[in-house]
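Engineer: Chain residues, written in single-letter form:
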Amino acid sequence: MHNVKRHKQTPEALAEKRQREKSKIDEYLALTDDVLSRKKKQDWSNDAFELTQRLLQINPEFYTVWNYRRNILLNGIFPQSTPEQINNLLSNELSMTTTALKANPKVYWIWNHRRWCLENVPDGPERNEVPSMEWRQANWDKELFVAERMLDADARNFHAWNYRRYVLANMPTRRPETSELVYTSRKIGANFSNFSAWHQRSKTLVGLWESGQLDPIQSRDDEFEFVSNALYTDPEDQSAWIYHRWLIGSGENKAQLEREIQLIFELLQEQPDSKWCMESLVHYKRLLLQNHAQDSQTLKQECRELLSRLADLDPNRYFRYQDLKRDLDQ
Amino acid sequence: MDNHFDVIVLGTGLIESITAAALSKAGFKVAHIDPNPYYGAAEASLSLDELVQWVNRRKEHDRSVTHYGELPSYARQYSVSLGPSVIPSIGPFISSLIASGVSRYGSFKLLGRVVIYDGGMLKDVPQSKDDIFQSKAMSLLEKRRVTRFLMFAAGDFENNKELHGRENSPLLDFLHRIFLLSEATARAITYALGYCYFIAEKTLPALHRIRAYLKASGRYGPSSFLVGYYGGSGEIAQGFCRAAAVRGGVYILGRSVTSISSVDSAEPENPVLTSDLPRFAIEVDDFPDRLHCRCLISSTSLLPGHLSTLADVIRPSISSYSSPRPFAVARCIAVVDGPITLPWDIEDSGTSEVSDSLLLVFPPGSLHGGSAISAVHVMTAGPGTMSAPSGKGILYISMPLLTNSVHSAEILLRPYLTAVLSLFPAEQQQQKTLICSTFYMQELNSCTASTSDPLVGLLAVPSSSPHITQGVDEAAIVAEATFRKAAYSLNREIKEMNQGCEQTVFWPVLAEMEEGEGNDMHW
Amino acid sequence: MSTSLLVPQHVAYIKALGDSKHELSYHLSAHLRMNAVYWGLTALLIMGHGDALDRDEMIDFVMSCWDEEAGAFSAHPDHDVHLLSTLSAIQILLMQNALNRVNVGRIVKFILSLQQPSGVFAGDAFGETDTRFVYCAVNALSLLGKLDELDIEKTVAYIRRCRNFDGGFGHVAGAESHASQVFVCVAALAILDRLDEVDQPTLCWWLSERQLPNGGLNGRPEKLEDVCYSFWVLSALSILNKLTWIDSSKLEGFILSAQDTESGGIADRPGDMPDVFHTIFGLAGLSLLGYPTLVDLDPVYCMPASIIENLGLRKGWKALQRRSS
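Chains as they are written, first to last, in UniProt numbering: chain C, 1 to 330; chain Z, 1 to 523; chain U, 1 to 325.
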């Protein structure tokens, strides 16, 4: 149970609650027994299909019933249906679970069921006697819309992000990958503390760089500029710092590393108590030491001083800073 | 008709309408009278043909009002507000809207962008950390400093040493000295986040407003403000009247009050009502019977001279938030051809839908030929709030004035209208075409010192504050104070008979509490 | 709020879980029953009260969930088999020294049938994939002594694909790092002796930054703290031998503050309703932090360390020194 407040109840209130619950329990158990015994008998009827819906509305976590429902479709209903009817059934199934999803945005089984529905949408309707992809396209487009609305409601919901990635990667007509950059810009713009969006941006960029759709050098510089806005606006927010660390990577580009160290140094002067400025400076200076090994004594001394300040400022991670200091001396 | 009432309210402006609704809901018998054929008085929402009638009536006694242009087709599809304002998403006004259930009668949406006119161009005003992050106009260092200021302003600044001793210094100065903000940013914060009306407004009240608006941001979305559909203010005033009518309030519109007299309670007119002696008798045009009431609440503008010095004028203390109250407001309502869009919205079209409800702020001294001491606000409305037909837009321009002006509203505001028309891009032409425009001066009744010995049961309500962001909250505060005084004067007799009567609640709990506003925010 | 661990209350709380048939929530969570029994039994063993629940009854329950047709365990009689419940069943039987009751060959066949061409495992025949299921498969095969039947390279290759630049791991390839997935991936790699696949300095930095000023741990950057991350984050830090990189006394204080001092149990955060899931993961965290009197917990398998040692499966993890009370 997450986020359910504890409250004291008097024995009388508890007894009353139990009394009220009793009829609900009886009803729920009777429905469960009915559904599970039909499942045992391989009842693939419409009645059974309706009953699974009732049960899942009460308990969307009941994975066995989701399985049964799919089996009814596969074994009982689809064999008697035209492709058009199957498309309608699956579209209804998706609409029904949208309601369930809004109420339970973090239930694995609902997301899973939608995935199954999508994958089973038939080709069609026929155009010039050839089955078109229109049904599939319509359903996948709608799914992208639903995933995005779920992310509007909770921009960190990893189910929705995972599902969205899955839809984008598998829809019949793919979207250009660059549109994903626009999407992450919008999500980050709405709340740059949203690390999920920064993460997605890093994945999108790697794809664009590897496929040659974007010049990695120019684009990386654009990203540095983009993320520095977040660093300066709120240096206490981890998300942008983690992304910045990704951009630096192993720090092979010395000029870039030095430029970013300077930028963070200036931020530290404006905000002298910023833990993340110091933490990042230590990391990047160590990369300078490792990769470019210039003037090592001065750099080491600067790292030691920063680590001492960090140990005071951020005692939770005191021993980490001590370990890093010890590494410097070795 | 039974012509005895607990309360008669004169005028259907926002304050009077909220008060009438609250008194009705508290169980008092209310009659509500307005000489105008529409609700809302100085905050009414009118169709364009009604506006022309309003102008013509007004010309009879005010020669400075001017009107240009022909009525466009579908004039009835426009809904223009005589008192345009935005609604803070947290505050006494929205609380009243929700608690009274009136929010369910109307539709509301988030205000779109707030922009400031600076150095001859429009600039976005960052309202939150995320806006600062996205701003292209600010340097990195400036972003750090503005965020630091916003965190300061959102917190408990009262005991902050940075504020100590500087509470009354001008906000602009404070932003410069303490937060090292640039001129442009300090101006944006002062006029388009703190909504100061005049230069050199004090730091503390402005900080109070900024904190309130920062907190309001995020309740319904990124903007701190909502705007009402169908012209806004007038529609909302009417909503409160409807709430009063639902509870038995009697409405008489388009009839003037011909006389008000104080009744000598020693000789009751109606012997049946021995414990509820009426204190006032009112004659209304074309009404055969006189109306009686124990409590009379009137807008100061509708109170006859002989009573105005005898009334208890409601003036609650809300100074900690307030800008100085202007003497008058120069106003312009202009209807333009073509949808309202900002230059950069045209550039990156394709992003989510763009709002046509915008707020554009001209700081004092920002426009050549404009005012050097007053900020000027331009609010826009259009089909997005069902205030104009598709493809048309409404501009509301307002300039608060501290003293009587020798110039007409048109002379004061014409430069702003010209500037705005060229700032909002049109599709083919260089600037938007004007369909019609109206200029007028709204004078605000100065609160005359009320008498130390007011007539029992006679309450006068000042005209609503014209402040574009603070006005409705002040209206709700004045309405609550009026309600309390009225309820006190009405309950006094009862209380004498029935000891231990509790203080009346402003809004009793609704049977079915639901937040009805913002239907368009769901999906 | 309490500053010490209320062992008797927690034991009573877990014992009472089986007697809550008058509560709707008991029935609504039937699909988690096998996992709940595993969580409850492990929690009791960690507190040194392994005998608080009836052994025969528990084994009978587990065996009643055996599906002869599928060759695996479901979470509840008449429910469908799943990898999650199958691992829990194996863990329970092992802790009750009753693993001889199962048909190892059939279970191994079931587990291996769920591996996909990419190397990931599905949870059941309907094919939901997740690194959780990779861990379940690796863990179960290892407990059954059948790791040699697994295509280890293929399995590791999938885990590698789920590794992100922040050192963490996600649910599937491409997904954001999440502390619970860091645990399942790091523990699976530990079982497979492939911790060389982990970018240890980066991951340990990321894990240490999960601790918030109030001492609690979150699962991802800029999220709220939750007691269950006490295990996900700590187990990974312990496997990578970096438990000192967070403030253990503040975390201990946070877990203890989430106890229900009256009816026992631990909640996700102070003031919330307790449940057996947060109770075991809170206790597991406390055990790794060296809380006095608790039994050592193996962070790789999330079972009492002595049982894993007896199987010869102990890896090179380190917990904090157990303090004497």
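What the hints contain is simulated information worked out from the structure, not anything from laboratory work.
These figures come from a predicted structure and were not determined experimentally.
Think of the CB as a built atom: it goes at the ideal place given N, C-alpha and C, for glycine as much as any other residue.
Any given hint might turn out to be false.
Interface residues of chain Z toward chain C, partial, derived using beta-carbon atoms under 7 Å [unchecked claim]:
#, residue
1, Met121
2, Lys123
3, Ser128
4, Lys129
5, Phe133
6, Lys136
7, Leu140
Engineer: Please list, smallest to largest, the hint numbers that this structure does not respect.
Structural biologist: 1, 2, 3 and 6
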